[in-house]
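Generate the whole structure from the sequences, applying the supplied hints.
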Amino acid sequence: MTPADEKPQPTPTEIADLLRLASGIIRAQGNRFVKELLRGKIRIGANKDEFERNLREGIENGQLTLADIRSWLGSVEGWGNQHVYLYAITSTLRRELTEPKIRQRVTDAGLDSVWNGETTLAFPDEPTLTSVSFNDSVLRLVWQECSPGWTPVPEKNYQEEEGLDLYEYRVFRKVERRAITRFEAHVRDGIAGLFIPDPIQGPEHKIAVDEAKRKISLLMDLAALERGLMNIAAISRNLDQKNVPSNTTPEPSVKAQRSRLASGGAYVEFAANSRDKAYWEEPAIEDVRKSVRTQQLRAFQGAEGVFIFQPGDSGLIRPLRVQLYGVDNRVRLWAQMEVSEVWIILSKLRTFQ
Amino acid sequence: MKSHGHANTPSAATWVGEGNVTILPPPEYWVHLGNSMPGALVERLREQSDQRFTEFTASGLGPPENLALELLTRFAVDGWVEREERHRCPKCDADLSDQDVAAVECPHCREAYRQNGGVTVETVFVRHLAPIRSVDWVVAIHGMNTSGAWQEAFTWTVSTTWGRSVPVAVYKYGKVIAGVLMTWRRRNLQRSLRDKLAALQHEARARGYGGNADVVAHSFGTWLFGHLVKGELARNPNDRLRFGRVILLGCILRPDFDWKSVKEAGLVQDVLNHFGTGDRVVPLAHATISDSGPSGRRGFDNTEVINIRADALGHSDLLSIDKKLKNGVTYLSNSYQRYWRPFLTLSREELLNIPDRIIPPKPWRQFWWPLRGTVFPFFALPFVLAAIGLLVGIVGSLFWGLRPVTERVTVASGCGIGALFLLIASTEFWRWLRS
Chain S
776 MTPADEKPQP TPTEIADLLR LASGIIRAQG NRFVKELLRG KIRIGANKDE FERNLREGIE
836 NGQLTLADIR SWLGSVEGWG NQHVYLYAIT STLRRELTEP KIRQRVTDAG LDSVWNGETT
896 LAFPDEPTLT SVSFNDSVLR LVWQECSPGW TPVPEKNYQE EEGLDLYEYR VFRKVERRAI
956 TRFEAHVRDG IAGLFIPDPI QGPEHKIAVD EAKRKISLLM DLAALERGLM NIAAISRNLD
1016 QKNVPSNTTP EPSVKAQRSR LASGGAYVEF AANSRDKAYW EEPAIEDVRK SVRTQQLRAF
1076 QGAEGVFIFQ PGDSGLIRPL RVQLYGVDNR VRLWAQMEVS EVWIILSKLR TFQ
Chain A
1058 MKSHGHANTP SAATWVGEGN VTILPPPEYW VHLGNSMPGA LVERLREQSD QRFTEFTASG
1118 LGPPENLALE LLTRFAVDGW VEREERHRCP KCDADLSDQD VAAVECPHCR EAYRQNGGVT
1178 VETVFVRHLA PIRSVDWVVA IHGMNTSGAW QEAFTWTVST TWGRSVPVAV YKYGKVIAGV
1238 LMTWRRRNLQ RSLRDKLAAL QHEARARGYG GNADVVAHSF GTWLFGHLVK GELARNPNDR
1298 LRFGRVILLG CILRPDFDWK SVKEAGLVQD VLNHFGTGDR VVPLAHATIS DSGPSGRRGF
1358 DNTEVINIRA DALGHSDLLS IDKKLKNGVT YLSNSYQRYW RPFLTLSREE LLNIPDRIIP
1418 PKPWRQFWWP LRGTVFPFFA LPFVLAAIGL LVGIVGSLFW GLRPVTERVT VASGCGIGAL
1478 FLLIASTEFW RWLRS
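Protein chains in written order, with my numbering: chain S, 776 to 1128; chain A, 1058 to 1492.
Treat the hints as calculated values from the structure; they're not laboratory data.
Errors might be hidden in some of the hints.
Stated by the list, open to error - Straight-line Cα separation of at most 25 Å, DSS-like style, residue types lysine-lysine; simulated pairs:
#1 K1317(A) - K949(S)
#2 K931(S) - K1148(A)
#3 K931(S) - K949(S)
Written as structure tokens, this is what we have:
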């Protein structure tokens, strides 16, 4: 090895930062993603303890650097396991979304401090806009929040009697989670998405959406963006219809595990019992579904559906599950994904408008 | 799967592990199972299996559920299904993946499983049958010297088979007799057929029928269709008409017709040639119609086509709604239920299960060139025209002696018609004057 190839030893501060990431954020990612990070760098180990020990050693001896983790986190953290609001970027809006204009608006909004902000080590307690960037015609906004996650530990639950009443105490363990909310506008491709992480649920979900929109409105015409909000009900309906088998496409690339077609005040729902199957894999159900023809579709709004995108379709290498909610035009990505997987699916959904 | 002994005398161990989760059990398996398990339950299971269920549960099969579970376990041990455990959240009933089950809380409702009695486990028995093939729409093409009365019965049968609508387009080109001998007439008919099929395909797509049409053709209709797809090979791939599965009846295409190229080009998916060994019309085709042959009497030579032999049946017997089997079923209905419907709907792997398949033992040898319907029209057409002229002459000469009588009848009736028209005109004129 030549001296130029040798990696500089990490400083104690870097090691401390990396260890913090390792104990929380890295472990929060799915196993398959962590293996990708570690493959070829350190030995992964056979169990959890070995894995943690090897990870720590890898950080301390400089085999795993902040740069490695930074690029890896960029592609896996905050992708998948989230809710997405999809927008088609109108031509009017597209003219607004240029780097000089965005840069100017960032300055006007007093957000210079987060322009091209580095987010790997940020752990704000409140949802905070930590980065705005514009590269390769993609506008990116990232909010981060070190949200306390609570995992139930039922084996530590206990009951106590007080007087005549019995009380049950349920125990939760605090886990360090970093929730990432994103807005990405792919200007060249004409598609944008607001991504709210799954852990943010209920009223907090709406607060996160409102907060994100408030910041987005500082950078672009929000009304113009909202006009391009994709009709997920129609996408669900059309996606289902186009992926019912025919004799020319006996095995469609998307499996509809569940699909609800609504018309006025009633609906019909087709669903498979198994989470991995399409409802039309049962011949009798397929027969019934086929009685709805394309020309009759306009009588139905698709209400919602769960769809499994099959490997091989547009570059996916594993089946991925997506739920579409027509009521609030929301897409839910069920598994943790890589950024490329997310955009393959979202781009595909757009074609079914 | 190994072959088995006689259905009535299998040993209990014969079937263990011998099944296959991708195909339906054969009839003898059910007999065997019925000998050792409760008959009513076995019958219900068989019914569900024949309906191509891909998933079975004890609750869906029973009652009694304990026996149903025992039967399904046996079905699994024999290899026809796989036992699976499906996990559900005790709180929200969401279907859980293995990864979800390994966690403490449900990813859907965030409730701890243990707090709600633990993950619910459901036992299901699954198999992986190939999906049945979809019949989207069908085209029926009749033969020469017929207006295709069978098409009506066939249309009715197909359109009442499925719960959904499967339209059948009936292509009629009228009665053609001498026309089939003439090249230009055949070309015109072929062109008209193509125009019609292209228009139908366009219309079907617009109406939401995304699949390709399956085709049923009889006699000269098989010749027209075969030559149409052959002609498509010469077209730009984007302009070609494509079809699904094709059923040929009383076929007069050459037994060495190049179905391989047609299939490889994706112009048709599969071909079934159903023929009667008592067909007396088909053997004449090779000598009278250019580029034809007796495939509807002996089958196609290549393995690209499924040849189904019907002993002693004639040219149109398979389509007959008048002739019946001993059990009262019409020949058409029998052909449809036993052969055509399975052919249209089974997956390609399962097509081998269609009964009465044959492969001709010897390759077909064509006639010497002048005898292949090439020279025949040059003799046949003058012969037919001269015979018609001769017939007219003979009949005319017979009527010539009655000329005085016919002249008087002609004049008298002609005057009568003239008088009637004159009276009508006068009446109209009188009304016009008074109005």
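Now the hints, each set against the structure:
1. For a cut-off of 25 Å, the pair hint linking K1317(A) to K949(S) is broken: about 67 Å separates their Cα positions.
2. Using a Cα cut-off of 25 Å, the hinted pair K931(S) and K1148(A) holds, with the two alpha carbons roughly 20 Å apart.
3. With a C-alpha separation of about 14 Å, the suggested pairing of K931(S) with K949(S) holds against the 25 Å cut-off.
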